[in-house]
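Residue-level listing of the chains:
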Amino acid sequence: MRYILRRREIVADDWVHLGEDPEGAAALIVPLERLRADGARWAAWCGRLGVRIAPGDAPEDLAAQLPHLALVAVEFPNAGDGRGYSQGRLLRSRLGFRGELRAVGAGVKRDQVFLLARCGFDAIELGAGEDLEAARRALTRYTVAYQPGAAGIPLERQRFTL
Amino acid sequence: MYRYDELDQAFVEERVAEFRDQTRRHLAGELSEDEFRPLRLHNGLYIQRHAPMLRIAIPYGLLRSAQLRKLAGLARRYDRGYGHFTTRQNLQLNWPALADVPDILAELATVQMHAIQTSGNCVRNVTADHMAGIARDEIDDPRPYCEIVRQWATLHPEFTYLPRKFKIAITGSAEDRAASEVHDIGLRLERDAHGAPGFAVLVGGGLGRAPAIGVPIRDFLPLGDLLGYLEAILRVYNRHGRRDNIHKARIKVLVKSLGAAAFRDEVEAEWQACRADAPVVTAAEVERMRTFFRPPRYEALADRDVARGREPRFAAWFRYNTRAHRVPGYRAVFVSLKAHGANPGDATAAQMEAVADLAERCSFGLVRTTHTQNLLLADVRQDELYAVWRELEDQGLAMPNIGTLTDLIACPGLDFCSLANAGTLGVAHAIQRQFDALDYLYDLGNIEIKMSGCMNACGHHHVGHIGILGVDKHGEEWYQVSLGGSANGFTALGEVIGPSVPKHEVAPTIGRIVEVYRALRTEDEPFIDTLRRVGLEPFRAGAYALHPQAA
Ligand code: SF4
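Line by line, the protein sequences give chains A and B. Per numbering that gives the first Met the number 0, residue 0 is the first one in the first sequence, and the count goes up by one each step. Per numbering that gives the first Met the number 0, residue 0 is the first one in the second sequence, and the count goes up by one each step.
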């Protein structure tokens, strides 16, 4: 059983990535290219459906599918690749995605979670071997944000306005 | 200048705590070097040739006396008693121990300083004109906007892991002393028909490999839109900038590959799409920032002839090392970190303390760093100039050479930097020796030499009237010479004049180049003008004359 951070809580993951056990899960995360290649199959799928996007994918291209998706997982292959932050931000604020926005991949560590949360990620699946409890604490490491719109930081601890 | 409020103070302290934990994890083996690298870089820490190097941020080059004193103390306690001021107005300590760095950062936090985002692939220290607020040709003071941009860029959740480093400069004057055209984003203050301030926006300038001059993408950006528009530019870059090749990752490459017009369209489209939920710079916020940069309480004085009857060395210093001030009765005073025999940009702890004291007594307690690697006391009463000069002279900080050939810029080079191909300090000393005679130096007038130890161009060699670039030739240090670069007003990239020369030939080659100038100049014509008038050829011919070693 995998545990993840969801809105500052450590919870058992109720989602399964395609290819993981158990295949028959009721909530499945499918890579974008598989979703595209096999559109009909996934349209008929009656469980909850999520998609996993890679750093080079454009969130705008997902616009039509988003209403049918309960989760978008954004891949951070390493800590240095910051494209996922923009993808998350666009999914939330431009495309209005309200489902679970999850950061996944080897680049997701406690040192990134504060930034991730502020780009709209409400779920964090840490890279292998990472300490969940430490990551949970890191979410509240900063009590101040210089940018407006930071979830979890009171307005009077933010700068600028939207 | 800006003073931290409770939020700023809480933030830097939280940042120190985070880095202390990251350093501890690294030293305990929980974070590999690869994992630790981006984290330490975001806190200004490099691993250099001999030891770690810590780059401390001096936002847009402004320091209070107490801060400079703290830097002196840190240099003494954690380093070898000196620091190096850089072309980006920051300070580098060359010998701190890794385990001490969290303590150094904690000490910096006690004087409202930090080393955040002075390296790594993020938005770096915002730089500005060192004459901000006192220049006679100023359109508007850039510093309030620099501080707004600094805060907005600090730990920006979306733009902390960019493809590559990102440098922003803001200039408020007609003469571009901030070199805004060779920054990733250059912002030039303008006023609209109603007198409201805004910015001309340039993107894609930069030195290093494939140097480029920024292209204009907006003639006038209203103040309120500043941060939103910056976010639009950075989002386009963060999404589409190359990440597969470190040498092609700067925004200038993206601008070039898309074409300036297509890039601008992309940014404008992003801006239209994001402006509804972009941060706004309100008039109240601008007003709040402006209050920090109000002019000090100047006295009503008249300009006076302070050099008359004084010794010639003072007169020379007055002429070369001081500048006109907006307010009558005051001058801006350069503290020269270019004494002959010294490393350009280096200052000892004792020198820093002396300057801090002087500033406290004679310049409203403020010191500035300049991109030419000097310090500046911005507001000195003319009737105190002589006393200030005596003190600077005592400290070895009054070399009367600002704007002359020996006021040269040099990166630390092979002596410190692990990326270097060749040394810069030895060459700088040879040039200082060759041009030690002041009469000759003054006769040559304004000549800017800029020198880098490798392609990364920290010494801005592309925009030197004379540029020097260290290259590695079969394990030996050789130097490429370029001519015709310039960064203020009329930005141009220098052209390499021919084959590189060995170390001992650099100073003599420059000697021959300036002799060509002396022979060809018309009366009072500055070096760069002669060069532009007659072209490179005569200089090329002269530079290599009597020089069989060139290969
Ligand atoms: S130009 Fe090269 S040698 Fe000089 S400081 Fe920069 S990286 Fe080091």
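Take these hints with a grain of salt, some might be off.
Coverage of chain A stretches by chain B, computed from C-beta distances (three or more under 8 Å per stretch; other residues unrestricted) [said to hold, decoys possible]:
| id | stretch |
| --- | --- |
| 1 | 73–85 |
| 2 | 103–115 |
To give a feel for the contact side, a few chain B residues facing chain A, derived at Cβ under 8 Å [as the list claims (entries may be wrong)]:
| id | residue |
| --- | --- |
| 3 | A9 |
| 4 | F10 |
| 5 | E17 |
| 6 | E34 |
| 7 | L38 |
| 8 | L40 |
| 9 | V110 |
| 10 | T159 |
Simulated from the structure, these hints should not be mistaken for laboratory data. Cβ atoms here follow ideal geometry from the backbone N, Cα and C, with glycine treated the same way.
Cross-check of the supplied hints:
For the stretch 73–85 of chain A, the stated coverage by chain B holds: 7 residues have a C-beta nearer than 8 Å to a C-beta of that chain, and at least 3 were required. For a cut-off of 8 Å, the count of residues in the stretch 103–115 of chain A with a CB near a CB of chain B stands at 5, and the three-residue condition holds. Look at B/A9: its Cβ gets to within about 5 Å of chain A, closer than 8 Å, so that hint holds up. A cut of 8 Å between beta carbons decides the hint on B/F10: the least distance to chain A is about 4 Å, and the hint holds.
Annotation: interface hint on B/E17 holds; nearest CB of chain A at approximately 6 Å, less than 8 Å. For B/E34, the suggested interface contact is upheld, since its CB lies about 7 Å from the closest CB of chain A, less than 8 Å. The restraint placing B/L38 at the interface with chain A holds, with a minimum CB-CB distance near 6 Å, inside the 8 Å limit. Checking B/L40 against chain A: minimum C-beta separation of about 10 Å lies over 8 Å; hint violated.
Hint status for B/V110: violated, given a least beta-carbon distance of 19 Å to chain A, over 8 Å. Proximity of B/T159 to chain A holds as hinted, the smallest CB-CB distance being about 6 Å (cut-off 8 Å).
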